[in-house]
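K.L.:
One letter stands for each residue in the lines below.
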Amino acid sequence: MEGDIVQMGAYIGAGLACMGMGGAAVGVGNVAGNFLAGALRNPSAAGGQTATLFIGIAFAEALGIFSFLVALLLMFAV
Amino acid sequence: MATDAHGAAEPGLVFHPMDQFMVKPLFGDGAVGIFTLTNVTLWMALTVAAIFALLVMGTAGRATIPSRTQSIAELAYDFVRKMVEDVAGKDGLKFFPYIMTLFLFILFANMLGLLPMAFTTTSHIAVTAVLAMMVFLTVTIVGFVRHGAGFLSLFWVSSAPLPLRPVLALIEVISYFVRPVSHSIRLAGNMMAGHAVVKVFAAFAPMIVISTGIGLLVTPLSILAIATIYALELLVAFIQAYVFTILTCVYLKDALHPHH
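In the order they appear, the protein sequences are chains A and B. The first sequence begins at 1 in the working numbering and counts up by one. The second sequence begins at 1001 in the working numbering and counts up by one.
Some clues are possibly wrong.
Some, not all, of what chain B presents toward chain A, calculated at C-beta under 10 Å [unchecked claim]:
id	residue
1	D1086
2	V1087
3	H1124
4	Y1176
5	R1179
6	H1183
7	N1190
8	V1197
9	I1226
10	A1231
11	L1235
12	I1239
13	Y1242
14	I1246
Not everything, but these chain A residues come out facing chain B in the computed CB check (under 8 Å) [what the hints assert, rightly or not]:
id	residue
15	D4
16	V6
17	Y11
18	G15
19	C18
20	I55
21	G56
22	A58
23	L73
Label pairs and their in silico Cβ distance ranges [what the hints assert, rightly or not]:
id	chain 1	residue 1	chain 2	residue 2	range
24	A	P43	B	H1259	30 to 38 Å
25	B	I1174	A	G22	55 to 63 Å
26	B	A1149	A	Q7	42 to 50 Å
27	A	V26	B	G1030	19 to 27 Å
28	A	A51	B	Y1176	15 to 23 Å
29	B	V1032	A	A37	49 to 57 Å
30	B	H1259	A	A46	43 to 51 Å
31	B	G1030	A	G48	36 to 44 Å
32	A	G13	B	V1032	43 to 51 Å
It is worth saying that the hints were derived from the structure and are not from the lab. Treat the numbers as computed from the prediction; the structure is a model and nothing was measured. Glycine included, every Cβ here is placed at the ideal spot set by N, Cα and C.
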């Protein structure tokens, strides 16, 4: 019985941890949207900044990955 | 994982979306040891063979006017070389062969994994963690060999106000050691999630076999969804290879020029 409650908590926690991915989604959208806004103002300078765009997206995404990691740990390691 | 969870009596294609990530021996059903040939071995070998076919056999003609295969090989070479030069600088070009290898291996593993019935080797954290740890160790060793103890100035942000620097140093150290974690799980997570979504819709697709009424609505919708997500996955497969490589270049730049 006790083990069941622990497992239920782990599953609920894994689900809750996935809400962090929404934050990563907001962050990635923010980066891409601001890049587009800047690129439309000065299209000639946009081409050289695609690498910066992807680095920014990768860093914003990294924090969503940690919530995914927490979910994975709760599902398979706890 | 779930082969015993569902009986054989159910109609249609019944499978678990995570079944595709199971490591199985190629011959027989024995236990998987260190030297067992598994589907991971097979698809990694196919990845290497595909890269060999493109780069070695494709450019064997050395034509002045390149053939189609040769142009693709040259395009990939120029693309990665320009990326290394732009991000890591001229002295980063010494590491160009390593970064080119990383990019092509990840790109081809992602792309081959999209073939039906294929196994995506990069969807396993074990595989991507090895790649990321190699990058982490390379970058750390290069940093200390090049700059000695001066490499530690990477963590000491000299442009920040003095009272803030110890706090920033702590954050910088944590973020440095978290790099291989996020580096590897980003790739594995993206690959795993995309393929699982395709398989979830694939499980809905044979609904028409079970019930014609719901099936007429669900089956075309899920086949459409598979096609759309597949197109998205092609994009993701390329972007994740690109992101992995460009982050390697960024880390390399930190090791070569650690001063803020």
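K.L.:
Would you mind marking each hint as holding or not holding in the structure?
P.N.:
Hint by hint, here is what the structure shows:
1. Among the interface hints, the one on D1086(B) holds; its C-beta lies about 6 Å from the nearest C-beta in chain A, closer than the 10 Å criterion.
2. For the restraint placing V1087(B) at the interface with chain A, the shortest Cβ-Cβ distance is roughly 6 Å, inside the 10 Å limit, so the hint holds.
3. For the restraint placing H1124(B) at the interface with chain A, the shortest Cβ-Cβ distance is roughly 13 Å, beyond the 10 Å limit, so the hint is violated.
4. Using the Cβ-Cβ criterion of 10 Å, the hint placing Y1176(B) at the interface with chain A is not satisfied: the shortest such distance is roughly 13 Å.
5. Look at R1179(B): its Cβ gets to within about 9 Å of chain A, closer than 10 Å, so that hint holds up.
6. At about 9 Å, the closest approach between the beta carbon of H1183(B) and any beta carbon in chain A falls short of 10 Å, and the interface hint on this residue holds.
7. Hint status for N1190(B): holds, given a least beta-carbon distance of 9 Å to chain A, under 10 Å.
8. Given hint, V1197(B) at the interface with chain A, is violated; its Cβ is 14 Å from that chain's nearest Cβ, farther than 10 Å.
9. The interface hint given for I1226(B) is violated, since its Cβ lies 23 Å from the closest Cβ of chain A, which is over the 10 Å cut-off.
10. This hint is violated: A1231(B) has a C-beta 19 Å from the nearest C-beta of chain A, more than the 10 Å allowed.
11. A cut of 10 Å between beta carbons decides the hint on L1235(B): the least distance to chain A is about 13 Å, and the hint is violated.
12. Evaluation of the I1239(B) hint against chain A yields a held restraint, the C-beta minimum of about 7 Å falling below 10 Å.
13. Interface hint status for Y1242(B): upheld, as the beta-carbon distance to the closest one in chain A is roughly 7 Å, under 10 Å.
14. Taken as an interface hint, I1246(B) checks out: its beta carbon lies about 6 Å from the nearest beta carbon of chain A, inside 10 Å.
15. Evaluation of the D4(A) hint against chain B yields a violated restraint, the C-beta minimum of about 19 Å exceeding 8 Å.
16. With a least beta-carbon distance of about 21 Å to chain B, the hint placing V6(A) at the interface is violated under the 8 Å criterion.
17. Taking 8 Å as the C-beta contact cut-off toward chain B, the hint placing Y11(A) at the interface is violated, the least distance being around 16 Å.
18. Look at G15(A): its Cβ only gets to about 15 Å from chain B, farther than 8 Å, so that hint breaks.
19. Interface restraint check: C18(A) against chain B, minimum CB-CB distance 11 Å, threshold 8 Å, status violated.
20. Taken as an interface hint, I55(A) checks out: its beta carbon lies about 6 Å from the nearest beta carbon of chain B, inside 8 Å.
21. Interface restraint check for G56(A): the shortest CB-CB distance to chain B comes to about 11 Å, outside 8 Å, so the restraint is violated.
22. At about 5 Å, the closest approach between the beta carbon of A58(A) and any beta carbon in chain B falls short of 8 Å, and the interface hint on this residue holds.
23. Given the 8 Å rule on beta carbons, the hint for L73(A) is violated: about 11 Å separates it from the nearest Cβ of chain B.
24. About 33 Å separates the C-beta atoms of P43(A) and H1259(B), a value consistent with the hinted range of 30 to 38 Å.
25. Look at I1174(B) against G22(A): about 24 Å separates their beta carbons, and that is not inside 55 to 63 Å.
26. Hint check: A1149(B) to Q7(A), Cβ distance near 49 Å, so the stated range 42 to 50 Å holds.
27. In this structure, V26(A) and G1030(B) break the distance hint of 19 to 27 Å, their C-beta atoms being roughly 48 Å apart.
28. The beta-carbon spacing between A51(A) and Y1176(B), approximately 21 Å, falls within the hinted interval of 15 to 23 Å.
29. For V1032(B) and A37(A), the hinted distance range of 49 to 57 Å is satisfied, since their beta carbons lie about 51 Å from each other.
30. At roughly 29 Å, the beta-carbon separation of H1259(B) and A46(A) lies outside the given 43 to 51 Å, and the hint is violated.
31. For the pair G1030(B) and G48(A), the supplied restraint of 36 to 44 Å is violated, since their beta-carbon distance comes to about 54 Å.
32. Taken as a hint, the range 43 to 51 Å is violated for the pair G13(A) and V1032(B), whose Cβ atoms sit roughly 31 Å apart.
Comparing the model with each numbered hint stated earlier shows that hints 3, 4, 8, 9, 10, 11, 15, 16, 17, 18, 19, 21, 23, 25, 27, 30, 31 and 32 do not hold.
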